[in-house]
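Student: Chain residues, written in single-letter form:
There are 2 protein chains.
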Amino acid sequence: MSRTGGEKRRRSIVEEAIRCFGRDGYNATSLDTVAKAVGVRKQTLLYYFPNKDALLEACLTAAGATVGEAITVALEQKQTPETKAEAVVHAVFELAKEFPEFPMFVREASRLGPDAFDRFSKVLEPMRERAVAFLEAGMDEGNIRKQDPAMLLFTLYTAVIGYLTEASVLNAVVGPGKSRASLRRREKEVVSFVRAALAPPAA
Amino acid sequence: MSRTGGEKRRRSIVEEAIRCFGRDGYNATSLDTVAKAVGVRKQTLLYYFPNKDALLEACLTAAGATVGEAITVALEQKQTPETKAEAVVHAVFELAKEFPEFPMFVREASRLGPDAFDRFSKVLEPMRERAVAFLEAGMDEGNIRKQDPAMLLFTLYTAVIGYLTEASVLNAVVGPGKSRASLRRREKEVVSFVRAALAPPAA
DNA sequence: CTACTTGTCTACCAACCGGTAGAGGTGCAT
DNA sequence: ATGCACCTCTACCGGTTGGTAGACAAGTAG
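Line by line, the protein sequences give chains A and B. Basically my numbering = 1-based index in the first sequence + 14. Basically my numbering = 1-based index in the second sequence + 14.
Incorrect hints may appear among the rest.
[Claimed, not checked] Simulated crosslink set (DSSO-like; lysine-lysine; CA at most 27 Å straight-line):
| hint | chain 1 | residue 1 | chain 2 | residue 2 |
| --- | --- | --- | --- | --- |
| 1 | B | Lys202 | A | Lys160 |
| 2 | B | Lys202 | B | Lys92 |
| 3 | A | Lys202 | B | Lys160 |
| 4 | A | Lys22 | A | Lys136 |
[As the list claims (entries may be wrong)] Rough simulated footprint, nothing fancy, chain A against chain B, three-plus residues with beta-carbon under 8 Å:
| hint | stretch |
| --- | --- |
| 5 | 131-141 |
| 6 | 163-175 |
| 7 | 198-211 |
[To be verified] Part of the chain B face toward chain A, derived, beta carbon under 8 Å:
| hint | residue |
| --- | --- |
| 8 | Gly39 |
| 9 | Asn41 |
| 10 | Pro128 |
| 11 | Asn185 |
| 12 | Ala186 |
No lab work stands behind these hints, which were simulated from the structure alone. Predicted model, so just to flag it, every value in this text is computed and none were measured. We put the CB at the ideal spot given by N, CA and C, even for glycine.
Taking the hints into account, I'd like the entire structure generated from these sequences.
Tutor: Encoded structure:
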């Protein structure tokens, strides 16, 4: 029919699959659902990917590359050590703004087990190492409160992903009185939280 | 056959369903899977609950009651204001220790949307209000850093649930070098994090 | 003994699942 | 024009899904 061309189609399949997997979960998403979102028949998916699992792997790799790229771009601007963490948070929130299902997909990746998450995070490995080194250096210089840097990184991760994915909880906790917190407000909250987590005990 | 009796059977169905829904997600769990876990045929489930959705509602209500009870018991012991938060964290971790799928089910509840999460959290509503009041009082007295108490509560929630559910991430971030962090160690990390989040800026 | 309630079961259904087989259309190189 | 690689499709398969219909066993009250 329309012959959209191979690589372009492949990318659009992966993008829609990430949306569906993030929204409904991998196991609860049928190939038909993804195909309908792309605007194509299920068998076209199976032409590009031998089976559902291969499609998932492609999504995991692509997602890792996407977030890696976003963070790299954010850190390319010359940053003072103080603003680095906030720049990363901002980049992730920007990504979530124009791709709301993305954070949910990341959480789904971790839910699917170590293998799936490793495939997602493999690209991010060097950035993780640099982040740990950055945190350790900051601790040695006294700019960051002394603690296990890996655990600190994990705590920051859960805070960011939590603010981005637990919308139901946020509404329930903040209560019906206040208007539902916008992404912008949540980013401010996360940033202030990150500052508190990094700040040394005495100012 | 064995006629285990109505209410007992009903409870065991709900418990196993929480396990399955937490482990695999609601949409990806079949009634047959739950039935097999209980040791009974699918139609027996449908005798107690008219359909899958009704079973989910029962699970949400039961889960809310369980965590509410655990927290209530933890706070019954006379606590100093300083140890209250840690007592709640400890109670939740104890619950997770002997019921590992429980935190995952809570996260699944939030993933299923506001209606589902409301059903879970309805029982917890008065405790939420008391917690906010407690935090506000602490802020007024200068024992807790001034911030939006509802947002603080949400941040604490995401931290606890994150440490309990994101095992894959934890292993990936902490790295293969160290042994995987035990629940006990994670509880210590969460508690120290909670302290940092509550602590006023100058000691 | 009989009638009724409660609980568990077998048998079945239409819809949907992931995946296979293969026809056919389109554009490009020869 | 012809062959071929690329892409999308229809048709189908065996297995699983949530759910219905109803048989049957066991306790219980009269």
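Student: Would the hint on asparagine 185 of chain B stand, with a C-beta cut-off of 8 Å toward chain A?
Tutor: 6 Å, holds
Student: Per the CB criterion, is asparagine 41 of chain B less than 8 Å away from chain A?
Tutor: For asparagine 41 of chain B, the interface hint holds, since the closest Cβ of chain A sits about 3 Å away, which is under 8 Å.
Student: Lysine 22 of chain A and lysine 136 of chain A: Cα distance at most 27 Å?
Tutor: OK: lysine 22 of chain A and lysine 136 of chain A at ~24 Å, within 27 Å.
Student: Would the stated hint for alanine 186 of chain B survive a check requiring a Cβ distance to chain A of less than 8 Å?
Tutor: Since chain A brings a Cβ to about 5 Å from alanine 186 of chain B, closer than 8 Å, the hint holds.
Student: Within 27 Å, alpha carbon to alpha carbon, are lysine 202 of chain B and lysine 160 of chain A?
Tutor: Roughly 15 Å between the alpha carbons, so the hint for lysine 202 of chain B and lysine 160 of chain A holds.
Student: Please verify the coverage claim for the stretch 163-175 of chain B: does it have three or more residues whose C-beta sits within 8 Å of some C-beta in chain A?
Tutor: holds (count 9)
Student: Are the Cα positions of lysine 202 of chain A and lysine 160 of chain B separated by 27 Å at most?
Tutor: Answer holds: lysine 202 of chain A to lysine 160 of chain B is near 15 Å, not above 27 Å.
Student: Are lysine 202 of chain B and lysine 92 of chain B close enough, with their CA atoms no more than 27 Å apart?
Tutor: Holds. Lysine 202 of chain B to lysine 92 of chain B sits at ~22 Å (cutoff 27 Å).
Student: Just to be careful: measuring from the Cβ of glycine 39 of chain B to every Cβ in chain A, is the smallest value less than 8 Å?
Tutor: Hint on glycine 39 of chain B: holds, closest Cβ of chain A at ~5 Å, below 8 Å.
Student: Hint check: is the beta carbon of proline 128 of chain B less than 8 Å from a beta carbon of chain A?
Tutor: 5 Å, holds
Student: Taking beta carbons only, do three or more residues of the stretch 198-211 of chain B come closer than 8 Å to chain A?
Tutor: Per the Cβ count (5), the hint holds.
Student: If you look at each residue in the stretch 131-141 of chain B, do at least three have a Cβ nearer than 8 Å to any Cβ of chain A?
Tutor: holds (count 3)
Violated hints for the displayed structure: none, as all numbered hints are satisfied.
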